[in-house]
Every structure is written in C-alpha cells, then in structure tokens.
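Visitor: In case you want the letters, here they are:
2 protein chains.
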Amino acid sequence: MKDEIIYMDNAASSRLDDEVFEAMKPYMLDNYAVATSDFAYSMGVEAKEALDDAREMIVNELNGTPEEFIFTSGATESSNLALKGVAEELSEEGNHIIISEIEDFPVLNTAKALEKEGFDVTYLEVDEEGFVDLNELEESIEEDTILVSIQHGNQEIGTVQDIAKIAEVCDDHDVIYHTDATHTFGRVPIDVSEVPVDLVTVAAHPIHGPRGIGGLYIREGTSIKKQMNGGFQENNLRAGVENIPGAVGFAKAVELIDEEENKRIENLRNELMEGLMEEIPETILNGPKEKRTPQNANITFHYVEGESITLHLDMRGIAVSTGSACFSKSLEASHVIMGIGGDHERAHGSVRFTLGRFNDQEEIDEVVKATSEVIEELREISPLSKEEEE
Amino acid sequence: MKDEIIYMDNAASSRLDDEVFEAMKPYMLDNYAVATSDFAYSMGVEAKEALDDAREMIVNELNGTPEEFIFTSGATESSNLALKGVAEELSEEGNHIIISEIEDFPVLNTAKALEKEGFDVTYLEVDEEGFVDLNELEESIEEDTILVSIQHGNQEIGTVQDIAKIAEVCDDHDVIYHTDATHTFGRVPIDVSEVPVDLVTVAAHPIHGPRGIGGLYIREGTSIKKQMNGGFQENNLRAGVENIPGAVGFAKAVELIDEEENKRIENLRNELMEGLMEEIPETILNGPKEKRTPQNANITFHYVEGESITLHLDMRGIAVSTGSACFSKSLEASHVIMGIGGDHERAHGSVRFTLGRFNDQEEIDEVVKATSEVIEELREISPLSKEEEE
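Chains A and B, in that order, are what the protein sequence lines are.
Be aware that the first sequence starts at 3, since it is given in this note's numbering, and climbs by one per residue.
Be aware that the second sequence starts at 3, since it is given in this note's numbering, and climbs by one per residue.
With the rest of the complex left out, here is chain A (with noise of 0.2 Å):
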C-alpha cells in the first residue's frame, strides 16, 4: 500500500479540517461549562454565547434567522425529526407525505417507518439523470398531503433538484416542504428567504466539519413536534446536554466554505468525470452531467462488481466506495441506480468519487490512470465481460 491514501469516498469530504479542530479545542479543553445555565454563572453564560455565535454563522449560510436552527446529532436525526415531527404534529389534519423514491436512508427508512404506523407515502419516481417531475409532484398532492420531503443534492449521484420550484409547489398547497441538503449544505446555495423551503437538514461532516453533529433549519410558524424529549434545549426542540464542540466545528466549517473552493472541486470533478469516461470503454455515468452537486462523479464500468474496483483500488491506496456508504452493509443494488433506471448489473458495477478540500490535480491523475488500469485488469477475467464477446 502507498504511505499517502488518496480519499476519494465520503471520507475525502468530511477530513476534519485543521482549523476547525483547533475552533473545537479550546471548548473541549479549556471552556467545558453547560451553556444552559445562563441564568448561573459566568463561564455558563460564555459557552453559551459560544453556541449562539455558531448557531448564527450556519444559519447566515441559508440565510435564515437564528431562531430559526436547532442543533441535532447529525443529517440523521435532524430528518427523523423533520418527517415524525410533521407527520405526528399534523396527523389530525392529513395522512399523506410524499418523497423521492431516491431520497437517502434517513429520509426513506423514515418515511417507510411512518407508512407502518398508518401514514399514506407517495414515493415519486426520478427521470433517468434522478430528477423529480414537478408536475407529477403537483399531481400528487392531495387533500390530505401534510408534508413533501425530496432532497437537494443525491448521495450517490450528486443529482441537484430544483427546491426552488419544488417548494413554490408546496407553497401554492399549502403543504410543509422538508429537503434533506446534507450534500449540497455550503457546496450549493439555498437561500431561505427567497426559496419557500420550511426545513433543511444540514450536517457537518460533509463539509470537513465534526461527525455527530447537525442541524435543522425550521421555517418560523412550522408545525413541528419534538421527538428527543428531555431538558428545554434548542428552542425546547431537542433535549440533550449541547455539544459545544461539535458546533462550534460545524460552524468554522461553515466559515472556511467559499465559492472558489467549490469551484476548483468541481473543475476538479468534471476532470475525473471526464478522463474515466474518455479512458475507459463502456461507462455509464449516473446521475446528471450538469446540475450535479461538485463533489460527486458516480460512473458505471459494465461487466465488473463494484466491490472488486474498491477493493482493488484500495490495494494502490485508494478510497472510493460503491453505493453509498450506509449500504454497503446490505449488499442490495442500489435504490437510486434503479430508480434512474439502471437494472442490477449497472447498480452493482457502479462507483462513486467524492471530492473534497484536500483533493489535488496529481491525484486526479493518479486515480483516473489507477482506475483504467483495474478496471481492464478485471475485465480480463470477468464472466461477463467473456459471455458478452461469446
């Protein structure tokens, strides 16, 4: 193996950036005190303002109000709340929630969990680049429909859907409208005030921030009801003692974002994306060429398994996954392949390239010129590459 691991999975976007461990240092080491005890003491009062200046920073990126965020334990919980919250909060008005049949694990399992508990669950069907019908989204709204939930940018193949259009939708019905942003959150604007989205799931360690920490942005006026019960934390929305560290390393995460910075990862992503293709015959890219988050590059090489290219390009010191990396654990094709339409053999050959800060030029090279290499190397032996020429 190589002394230096190029990251090019989920891992290359969320290396915890220097300077957000040293943010998070001083509140782990010198500054430990409850920041709820605001009516105590002094150094209660300090972390607490800690808190509230890392609730502004991350919010100001939506461009919402500080009222208007609450802090959770990651992209996870912050979309179990958004979806039960609803659902149970409005449960008397309707039972009808509608997402994206391609929506991440804590969006659909969600959804799949309240459909057990008798909630009615349209889940709309993408076009072949992962994109929602808007007009299929407006078909679908029913009388009873209390909550759509598609999401801003797709895990696995960096679809960009347009919120903007999608909450105006809701917003003529009258429907709460949650988009789950953990991959586009400071990569690809939202703006709150101008697009009528009432909640947003944001995470941190998408952005070199800390795991195990996230938010929600929830629209003043949401019907919303708590689901972690407790202590009066976080606008008497989420109990638990507050992670201090985590937020303030969310928001010094949030703070050393820029637009540049996204601009070189996508240039950086169009390259790979395009040598792979240009290299290697007979690719499939998933997922859009454009409006695509600029992390993401997510490609096909037909006739080899997935986990063979991962584990064959790990052996050269590089990290790249198949699937995303929730589901790796359960070795089904991937809902999202299939529902662009791919069928098992293109959701199993597939894999995904994420980009992040640290990602350079040399290693672009290195990995288009690594992965050609494997891929012709496992073609070689593959059965299905043999049945094919036979």
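I should point out that these hints are in silico values taken from the structure, not numbers from a laboratory.
Treat the hints with caution; some may be incorrect.
Any copy, or any two copies together, can satisfy a pair, since identical chains are not distinguished.
To be verified - Quick list of in silico lysine-lysine cross-link-like pairs, BS3-like style, CA-CA up to 27 Å:
1) LYS228 - LYS118
2) LYS265 - LYS293
3) LYS27 - LYS228
4) LYS27 - LYS371
5) LYS114 - LYS265
6) LYS265 - LYS118
7) LYS50 - LYS291
8) LYS371 - LYS265
The hints should help you fit chain B onto chain A, whose structure is shown.
Guide: Frame of chain A, contents of chain B only:
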C-alpha cells in the same frame, strides 16, 4: 474574578481529560474513514475496529457483551430510545409504565410524552432521602405493565437506588427494567451479569469524556423498536454515520476511571459536605448521607436563594449549580427536592456541588470558606431571614 475557576458544577465532572482528547485526535485528523464500509477498503476496516474496540471497553465496565451495547448521541437519546422503543414495541401487550417521580428530564419527559400518546404512567413516590419503596414498586406492577424505568443515581441529590433489588422485582414479574445510569456509570459499579437489568443509559461527559456521545446497554432478547431511522448502523438499532472520535473518547474516559479515584472523590465530597454543614447553621442535606453518588453534594441553605448563592460564588470564581443544569432554564422548583418532601423554599435554596477528577483538597477548603462567607452576607440582607427573626 480569579484567574483559575473552581468548577464544582456539572462541568467539574465533564472537563475533557487530556488523555481522552489525545485518544480522539487521530480519529479526527488521520483516520476519518466511514466505519460502515466494512466490505470495502482498509481504512474503513480500521475505523470499524476502533469502533468495536471502544464498544468492548465500555460494555466491559457493565460486564455485558459487545452485541448488547449501542452508541447514541448521549444519555437523552438513550433514555428516549429505551422508553419509546419498549413502549412502542410492546404496546399490544400492555400500556402501563412505571417510573420514579425524581427521574431526570430525559426519562421524566419521555414518560410524559408517552402518557399523552395514551400510555398509562405511574410516578412512584420516593422517601425523604429519594429512595423508592420496593413494596410500592411491586404493588404498582399490574397485568399490563410493560416497563419500569428507575434511575441508578439521582442527578440532583445523588441518591443511589438499589437497582439489584429493583431489577429482581421486575424480573419476577417479567417486566422490562431500564435504569438511567448517567450519573453512576464508572462511579458506582453495575454488573449486568449479576443484576437482571435490561436497559442501561450511559454517557461520556459525566466521566470526563466528550459531549455528544452516549450509549445504551440492551440485554439480548429485549423487545425494543428502533427510533432513529436511516442506515443499518449499531446493530440496526440506531441509524447515522458513526461518531468514531466520540466513541474512542468515551472508551478512553472509561479506561481512565478506577476505584481509587472514585474513593478519592468521595472523600473530598465528604469533607465538603461535612465542612459546609458544620460551618454554616440552618442547612439541610438533600439526599442520603450514604448510598450516594461519590461526586454529589446537595445542600439547602435556609433564607437564601440558590440563584443568589451561585451568582455570588461565581463572582469569587467558583462554579456551582442550583437544581439540575437543564432545569435552571425553567425557573420552576426542583421536582427532585419537592419529591423528597421539600417545599419551594427548600428547593430554591438548594445548591448542588459536583466533584470530578480535577478537584483537590485546596479547592474544597476554599469552597467551604467562600460559601460560608457568601451565605452569611446573603442572610444579612435576606428578607426571609429577617421575617424569621421578627
């Protein structure tokens, strides 16, 4: 204000240990792979091993097996999962839940939330030291009782319940028993191979571990429904990308605790408790003298408000609490002090001192002296005190 603050509030036991910080560091900066990619690449496998090792270290402290322990975002989530998870899974078998009236907010308010959903909750009374009565517990168990949740150590007055006997009563009646061990884990032994407790809530931050990480011991075969939907992590009982730095820090925190330290803290606490009671007239010890968490002292000083005492001690660079940390936001009288038969005056005049690894003899002496002086000053100007004299 003094240069160095003396922490004797919750933060005293939650100051991150330097060794914990050092243990977490490599998992923040060097290996940041996603642990769930265990079919994929070697860094992911390494991350997974770190997670498994952490799990084993923590569950060993309870004498359980790694399969019986899952990580959560903290004690609040653990107790929410325990109560809601069992209640929802067993709702067809019964709808009666028993808790003590002095539970901490995660258990108390989750029980109240379940009550609103139609569950029947019995709030067991406690005696003047905070102990539940085993006969009362047994008598309150009915045909349709599915869950008992009685804490191990109290968050405000330190009362350590006899969970071995409580567990036996529950076991005899085939009722699931959950205990919130947030304030005893690592400090007061629990052996799940001896005590038939089914669910145990634990957290890292009260033993100098990081914020934002906790866990739930779940005895094999316990009926419980997943609350956080999404990926298949944590034995498919808690979705979300694993917080590996948090888990590793939690494990290191457990490793660093030993009996000797607990004895040392208990001795210091006894000196503090006795010093305050001897130096200051008209005080009440809240909670028992023995069978008390080693780190906790809680005293009511008559004729003065706890808020005034904390503020005045703060000006002298000493951090203490009044009521529980989450509590001070509500400004209501402590339900714990009220539960042990106190009135509003006793509750509002109560001050909680919490000790940790970094407190020493000198600090104890200084806190006794400063508190004596503050109480004397405050009593001189207290209308309550004057009324009494008239």
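Visitor: Hints first: check each against the structure and report whether it holds.
Guide: Against the structure, the hints come out as follows:
Taking the shortest alpha-carbon separations for LYS228 and LYS118, both the intra-copy value of 20 Å and the inter-copy value of 13 Å come in at or below 27 Å. For a Cα distance limit of 27 Å, the shortest separation of LYS265 from LYS293 inside one copy, 13 Å, qualifies, whereas the shortest one across copies, 62 Å, does not. Within a single copy, LYS27 and LYS228 get their C-alpha atoms no closer than 31 Å, and across copies no closer than 33 Å, so neither meets the 27 Å cut-off. Neither within a single protomer nor between protomers do LYS27 and LYS371 lie at most 27 Å apart by alpha-carbon distance, with minima of 39 Å and 33 Å respectively.
Taking CA atoms no more than 27 Å apart as the test, LYS114 paired with LYS265 passes in neither setting, with 37 Å inside one copy and 50 Å between copies. Taking identical chains as interchangeable, the C-alpha atoms of LYS265 and LYS118 are never at most 27 Å apart, the minima being 43 Å within one chain and 51 Å between chains. For the homomeric pair LYS50 and LYS291, neither the shortest alpha-carbon distance inside one copy (44 Å) nor that between copies (34 Å) is at most 27 Å. Taking the shortest alpha-carbon separations for LYS371 and LYS265, only the intra-copy value of 23 Å comes in at or below 27 Å, while the best inter-copy value is 61 Å.
Violated hints, listed in ascending order, are 3, 4, 5, 6, 7; each of the other numbered hints is respected by the structure.
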